[in-house]
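Colleague: One letter stands for each residue in the lines below.
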Amino acid sequence: MIAFLVRRVIQAVGVFLAVGIIAFSMFRFVGDPVNQIVSIDTPYEERVKLRASLGLDDPIPLQIARYIGRAATGDFGISYQFRQPVSALFAERLPATLELAFCASVFAMVFGIVLGVVAALRRGTALAGTLETVSLLGISLPTFLIGILLIYVFSETLRWLPSFGRGDVVRIGGWTTGFLTWSGLKALVLPSITLGLFQMTLVMRLVRAEMLEVLRTDYIRFARARGLKTRAIHFGHALKNTLIPVITIAGLQLGSVIAFSIITETVFQWPGMGFLFLQAVQNVDIPIMAAYLLLVAFIFVVINLSVDLLYTAVDPRITISGGRAT
Amino acid sequence: MSAAPLRPPGRLARAWDSDIGYAFRRSPVAMLSTLVVLLAVGASVLAPWLAPQDPFDPTQLDLMDGMTPPLGTNEITGRTFWLGTDPQGRDLVSAILFGSRISLLVGFASVILSMAIGISAGLVAGYLGGRTDALVMRIADVQLSFPAILVALLVFGIFRGVVPPARQEEATLSVLILAIGLSNWAQYARTVRATTLVEKGKVYVEAARLIGLRPLAIMVKHVLPNVTGPVLVIATINLALAIIEEATLSFLGVGMPPTQPSLGTLIRVGQGYLFSGELWILAFPALALIVLSLAINLLGDWLRDALDPKLR
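Protein chains in written order, with this note's numbering: chain A, 1 to 326; chain B, 1001 to 1312.
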């Protein structure tokens, strides 16, 4: 168990280091950092001096170590377009993205599970057929079109919900939240649905498939034979066992929620990290791009690691020998 | 002997008679979506001859035609447009034809690129095994858990930083193909590797090795034909994904420029006029994109079921 743990942690660190080197290479070799700082008429000698003082003449491995070391303490350099530290920009926008991702995930899980169960239990009916079609549409429709469609219907035509921004936010310490005001809550609805819809269809298909599988097993048949109520069998026995894979997949999908938030945030002008990242791509703001890459890699590594560890903790059938689950 | 010698049935006839052919004839969904895809591909290949105007050529656009509603006649110039025009006087039928051309080009080219990378990586990893396998698969794992759109955006961002601005517009198409192609190879690698691992242990591969064939020849000539089915399924579904990815990038403003609009760029342009009542500028390109990706997705779903009934 300990060997497995150590091996997994080493692997995670390896992945993270590799991404760190990619991020550093972007930072260092895409465009000249010195050119981004000085003005056009800075004399050559001063550029050389600046280059030395920034440590850009040191051996590359040393520079990599320094970059990763700084990143570990939260120093990602200074944004080219905003002339502010990247970490401050991130801290300002992180709450918006996290609140959006949280609401989208809750929406996806709740509706995905409920609709999936309905589709499985009412198999062969018109309702289940409709759900199937809708889920196929949800996968075929690009996220940005869903966003535009929702804005058109609910903001432009019906005028129920705002089409952009976070509404009024309350600042608590370093955190801004939209949960505490009416306009903040209203502003969360459309972006959360847009972001969560793809996840929802995924969860729904998964729950449906798992549920159908479980309902065929012997212990369900036995439960029926014992004369338990259908309701108790469906929700007490069947649903519980379908949820383990669903939660795993949903956890692993968290990374893609964050990536798709780039699209959603752009459509809704949501002041979060994804919007910031897109602006950075458009304006070649390398420090922000590199830092975003590192952050996503960090989230991904942590999620994967915890899923691996949880798996071995939750399911005793998975035995570990030398790091390979058999 | 007066009867004509029995000719072996042609390739097409054999394909029509095969299991897949039978499944195809029995599935209206598959036939309909094939028809849609063929129509779309045909229309976009023939776009320069079919389209009433060349939307990329500014001299053919008349600003006076701008904002003509669908099926309406422009009040100033007296010309009629089936699907209306955008503010630049661009006929939407032509714009969609040329736009799908770019979308499909990027889609096919990037799928071929991902296939090439993925298949070679999978074959090498599966056949050589050991450290190579571990390394390649770890990279594929990392790649798979990074969402494609993020990888594509990063490649695009690096391109913006490296290529001088003056040359960016002409290079955009190739960079889009590269970015999307690079972000989708891992799935092929996984599938191909899994099949290679199975096939590697079979007797015929051992025999091929015994008669002294080189590893490369064994991989390409003997192992590769076994993976065509699953790879074809992944490729079809990936084509739809690649087209959506291209549209998304263009919509986000990091894809095709408005002077050479793809479907995504047209939607981006149309979004600005949605709220002033000119719905059609957005609706028709969006509809084209949805129909195209839905048809390809349905085709992919059907292909998967037809090739492997166990997967249902």
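Simulated from the structure, these hints should not be mistaken for lab results. We put the beta carbon where it would ideally sit given N, CA and C, even for glycine. Please note that the accuracy of each hint is not assured.
[Stated by the list, open to error] Far from chain A, some chain B residues (derived; all Cβ distances over 10 Å):
#1 Y1022
#2 I1112
#3 G1157
#4 L1178
#5 T1191
#6 A1247
[Stated by the list, open to error] Listed next, the stretches of chain A that the computed footprint assigns to chain B, with coverage defined by at least 3 CB atoms under 8 Å from CB atoms of chain B:
#7 139-145
#8 166-177
#9 250-256
#10 283-293
Colleague: None of the hints should be skipped; say for each whether it holds.
Modeller: Hint check results:
{"no.": "1", "hint": "Y1022", "in the structure": "holds (24 Å)"}
{"no.": "2", "hint": "I1112", "in the structure": "holds (22 Å)"}
{"no.": "3", "hint": "G1157", "in the structure": "violated (4 Å)"}
{"no.": "4", "hint": "L1178", "in the structure": "holds (15 Å)"}
{"no.": "5", "hint": "T1191", "in the structure": "holds (19 Å)"}
{"no.": "6", "hint": "A1247", "in the structure": "violated (6 Å)"}
{"no.": "7", "hint": "139-145", "in the structure": "holds (count 7)"}
{"no.": "8", "hint": "166-177", "in the structure": "violated (count 0)"}
{"no.": "9", "hint": "250-256", "in the structure": "holds (count 3)"}
{"no.": "10", "hint": "283-293", "in the structure": "holds (count 4)"}
Of the numbered hints stated above, those contradicted by the structure are hints 3, 6, 8, listed in ascending order.
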